[in-house]
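Enquirer: Take a look at the letters that make up each chain.
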Amino acid sequence: MENLLNAVQTFSAENSPLDFYLVLENWRLFWKGLQNTLLLLVLSLVAGGLLAIPLAIIRATRVPVLNPIAFGFIYFVRGTPLLVQLYVIYYGLSQFEAIRDSAAWVILRDPWWCALISFSIGTAAYTAEIFRGAISDTPRGEVEATIAAGMSRVLAYRRIILPSAFRRALPAYGNEVIFNLHTTVIASTVTVIDVLGAARTFNNKYYLAYEGFITAALIFIAIVFVITRVFNLMERRMLRHLKRA
Amino acid sequence: MENVIAYSPFLMKGVTVTIALSVCSILLAVALGLLGAAGKLSERLWVQRIAGIYITIVRGIPDLVVMLLLYFGGQVLLNQIGALTGLWTYFELNQFVAGVIAIGFIFGAYMSETFRGAYMSIPVGMIEAGVSVGMTRITLFRRVIWPQLVRYALPGFTNNWLTLMKTTALVSVIGLEDIVYNGFAAGRATREPFTFMLIALFVYLVLTILSDTGLRALERRYTRGVQRGV
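Chains as they are written, first to last, in our numbering: chain A, -11 to 233; chain B, 345 to 574.
Derived from the structure by calculation, the hints contain no laboratory data. Beta carbons are placed, not taken as given, at the ideal position from N, Cα and C, and that holds for glycine. Take the hints with a grain of salt, since some may be wrong.
Said to hold, decoys possible - 20 Å max Cα-Cα, derived EDC-like pairs, lysine to aspartate or glutamate: (1) Lys193/A with Glu2/A; (2) Lys510/B with Asp556/B; (3) Lys384/B with Glu436/B; (4) Lys510/B with Glu117/A; (5) Lys510/B with Glu164/A; (6) Lys193/A with Glu(-10)/A.
To be verified - Quick look at which bits of chain A chain B covers, simulated, 3 or more residues with Cβ under 8 Å: (7) 65 to 71; (8) 131 to 140; (9) 205 to 218.
Let's have the full structure, built from the sequences with the hints guiding it.
Expert: Dropping the structure here:
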C-alpha cells in the first residue's frame, strides 16, 4: 500500500504534467480559497441585488432628480475597472485621518470587507441595468390589469411587475452571476485568500509556475458549470409559461 | 495638488501604456475573433469543436487567472521548449507582450461570438446574389459581407472594447507600468493613494466616454442605409 502511494507520488512529481499529488496534499488551502470565493460571490450578489432593485425602479420609472443620480452612478461604476475601484476603497481611504479614526475603520482596513463592498457596488450597477430593461419591457396589459384590479402602485410592483420582470431578467442575470464570479478573483490582489489567492500562495510556496493556476482554472470551470446548470433548471421552472409548444 | 502636477508626466506615461496595450490587444482579439467565428461556422466538425472548446474555456476562466497562467506558465513553457530543442537558452516574456497575448486571447473568444452572430444576420439572399453575378470570393467578401458584418457586429464590438479597456487594468498585477501601476506607485510615494487612484479611475472614465461617443457615431455611419421600424 505504501509502495503504491510512493509510486503515485513519484509519478505525480516527475512524470505527470501537473503535480496533482502536491495539489491534493494542499487541499485545505484550496478549500479555504473556495469558501472565500463562494462567500464573496453570494454575499455580494445579495447586497448588490438589494441595491439594484431600487436603482432599477428609479431608472425605469424615471423618478425626477434621483434618475440622473442613478444614471451617473451606474455609468461611473460600469465605465471604470473594478480593480481600481477596489484600490480606491482599500488603499485610498486610509489617506483620510477622519476615516482612520472613525468606527468604520475596523471594516475598511480589512481587505476582505473592502472586496465585498466593491463587488457589491459593481454587481449592483450591472444588475440594475438588467432589471431596468426587464421592468421597462413589462407588457402594457399587465400594468393596466393592476390598475383595473385597483392595486396601489406599491402592491402592483410587489405582486405583478417585479416578479414578472425578474423572470424575464433570469437569463441575463445568470450571465451576470458568472461575470461576478470572474471578478471575485480580484480579491487576491489585496491579499484575500480566494481560489486564485490560494493558487498564488501555493505557487509561491513550492516555487511553481502553473500548477496552482491550472487547479484554480479547473475549480472555476466547475463552479461555472454548476451555476449554468442551476440557472437552466430555474429557467425551465420559472419560464415554463413562455415556452413554445 | 502640487504632487499631482509633479507626477503628471509619470501618469501620462502610464496612460500611453494603457492605450497602446488596449489597441494592440483589440487587434489580436479581432483577428482571433474572425478565426474563431470562421471556425464555428465551418462545415468541418473538428474545426467547429476546436473553436467551441476555445470559447467555452475562455468564458469559464476568470481573466486574471488566464493572464497569470500565460505570464508565469508561458515563460516556463517557452524555456522548456528552448531547452528541449536547443533553439534558445533563456527567454524572458515581456509583460506588455504577455498582456497583449492574454487579453487578445480572452477577447478573441468574445469577439468570435459577436462576429458569428453578425455573419448569421446577413441575409443569405445577398450572398447568393453576389455569387450569381459572378463575384469572386474576395470581391464578395469586400463588397457584400464585410460592410454588413461591420454593421451587425459594431454594437457587440463596442461592448467588447469597453470591457477590454477595463480589463487592461489587470496587467498592473504582473507588473506592467500602466496607469494603475504608476498611479499606485505615485500614491504610495506621496502618501496620497486616494488622490492618485481616483485620477486613474477618471482616466478610465474619460477613455470610456470618448470611445462610447466615437463608436456610436461610427454605428450611425454604418447604419445610414437602414430604415428604422419605429
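Enquirer: Run the structure past the numbered hints and jot down the numbers of the failing ones, going up.
Expert: 3, 6 and 8
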